[in-house]
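Chains as they are written, first to last, in UniProt numbering: chain A, 1 to 254; chain B, 1 to 254.
It should be emphasised that the hints constitute simulated quantities derived from the structure, not laboratory data. There is no bait here: all hints are sound.
The list makes no distinction among identical chains, and a pair is therefore deemed to hold if it is satisfied within one copy or across any two copies.
Derived pair list, reagent style SDA-like, types lysine to any residue, alpha-carbon separation capped at 20 Å:
{"#": "1", "residue 1": "Lys193", "residue 2": "Lys254"}
{"#": "2", "residue 1": "Lys95", "residue 2": "Leu18"}
{"#": "3", "residue 1": "Lys36", "residue 2": "Gly210"}
{"#": "4", "residue 1": "Lys193", "residue 2": "Asp252"}
{"#": "5", "residue 1": "Lys131", "residue 2": "Gly229"}
{"#": "6", "residue 1": "Lys193", "residue 2": "Asp220"}
{"#": "7", "residue 1": "Lys104", "residue 2": "Gly229"}
{"#": "8", "residue 1": "Lys131", "residue 2": "Ile227"}
{"#": "9", "residue 1": "Lys36", "residue 2": "Gly229"}
{"#": "10", "residue 1": "Lys104", "residue 2": "Ile227"}
{"#": "11", "residue 1": "Lys131", "residue 2": "Tyr228"}
{"#": "12", "residue 1": "Lys254", "residue 2": "Gly129"}
{"#": "13", "residue 1": "Lys74", "residue 2": "Gln86"}
Please read all numbers here as calculations on a predicted model, not as lab measurements.
Okay, here's what each chain looks like letter by letter:
Protein chains: 2
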Amino acid sequence: MDIITSKDNELFKSLKKLKAKKYRELDKLFLAEGRKFLEFEEIPKVIIFKEGVSEESIKLSEKFQCKKIILSEKLFKELSSQENSQGVIICYNSKEQKLDYLDKNIVVLNRVADPGNLGTIIRVADAAGFKDIILTKGSVDCYNEKTVRSSMGSILSINIYYLEEEDTIHLLKEKGYKIIATALEKDSIPYTKMRLEEKNAFVFGNEGDGISQNILLKSDEKVIIPIYGSAESLNVAMATGIILYDVRNRLDNK
Amino acid sequence: MDIITSKDNELFKSLKKLKAKKYRELDKLFLAEGRKFLEFEEIPKVIIFKEGVSEESIKLSEKFQCKKIILSEKLFKELSSQENSQGVIICYNSKEQKLDYLDKNIVVLNRVADPGNLGTIIRVADAAGFKDIILTKGSVDCYNEKTVRSSMGSILSINIYYLEEEDTIHLLKEKGYKIIATALEKDSIPYTKMRLEEKNAFVFGNEGDGISQNILLKSDEKVIIPIYGSAESLNVAMATGIILYDVRNRLDNK
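Based on the sequences and whatever the hints tell you, model everything.
Here it is in structure tokens:
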């Protein structure tokens with residue numbers, strides 16, 4: 001395995017660039033940190049170890065035939081985004097976004113801005129058995145380090161599409177999805193009363209501003225999570241989890 | 001309003017100490033940052049403004065007859081825990097923990113360690129209409145800055161008790177609570193199948209280790225949240241939210 005110690009090394013430089021969204025998009029690559037990622041089936045492009053990494057991590061990586069390198073502690077630190085790093089960073093190819101097939105029940109995120117929230121949503125959507133998330137343009141990048149980390153690996157399983165808001169609405173209408181928007185509106189009903197159709201798109205909005213007027217106007221039903229105590233609201237990731245699990249339970253009971 | 005500019009000021013020193021758990025416990029006080037807290041009814045002990053804070057914040061504080069001070073920017077920074085501070089920190093009296101009355105449905109947290117998780121749990125428990133959370137000793141301090149912040153004010157509404165694990169079990173058994181433990185055990189059933197009794201205690205465990213053997217042995221039912229996709233698990237705060245809202249919906253439908 002090559003040991004890289006110079007910050008002028010071309011591979012190191014190209015990997016470091018991936019910390020910026022621009023280069024992630026350009027190179028169609030992203031970084032995922034943590035030994036956990038070696039447990040998945042997804043084939044990495046490059047596996048990056050920190051000098052002196054555990055034998056266990058090296059062993060875990062043996063099943064992959066990809067490029068593997070070791071970085072000096074100093075260089076690894078420049079690439080890492082974690083304080084207590086396990087000394088493993090994996091570079092993956094970003095998935096190509098083909099919209100050929102969408103599941104009957106999908107998630108739409110309208111300008112979700114916080115990377116941690118997005119990662120948590122990806123994780124809970126995966127856990128609840130959802131396969132597809134459409135993010136309207138202006139949402140945070142799903143290959144952000146924090147998003148990848150908080151998705152706990154689910155970023156590798158879920159199909160994520162970025163679409164303009166107008167295109168999203170057009171697609172959903174064309175394909176016959178019922179648009180169910182989570183929003184605090186006058187005509188919103190409790191989520192427990194929502195009616196599922198054959199195909200449903202569950203829309204969640206921005207942390208501060210909620211769902212755009214445009215989507216609200218085009219939605220078929222607006223739902224809220226009732227608040228019983230003194231709390232004013234729920235975090236968007238929590239709201240997503242509560243609603244998606246409720247949907248999953250209903251689909252199971254059909 | 002007094003303007004404090006010296007770090008040797010006694011009040012400033014005593015407030016700064018509250019950043020440590022030891023002094024929060026000793027003085028029975030805690031700090032909450034953010035203008036939002038001025039919107040609640042809870043009467044502060046001291047309201048701390050940053051020099052040059054908005055008139056709006058000062059106005060919001062007028063309803064409280066408590067001590068109010070202004071700190072120089074430098075001193076305020078030493079007290080603040082937020083990068084983009086709104087320039088308002090409030091010092092409250094910690095609630096006395098009287099165990100005289102417990103709601104029929106309560107939450108028990110067994111050594112939850114992450115302050116953000118605890119805050120999120122307090123917020124969602126409040127939202128779902130729960131009133132009481134028992135934390136077994138060894139859990140993180142609920143007056144931690146990060147917990148207070150992520151509770152989004154619900155820390156002021158929820159009753160929080162710290163008890164030894166043994167005392168918790170004893171109390172629950174004595175008062176006739178059904179102990180429902182969320183745990184990945186052989187005999188765990190999906191949470192949607194759990195049976196609620198007249199009084200129920202929902203137990204959630206440590207992020208890494210789950211619920212202690214001791215509590216598992218004494219629990220009346222073990223439940224899991226089924227995972228449908230490739231995700232391995234859910235974050236404890238998310239799991240708590242999903243289960244508590246399911247419980248609330250059932251109680252509503254009784």
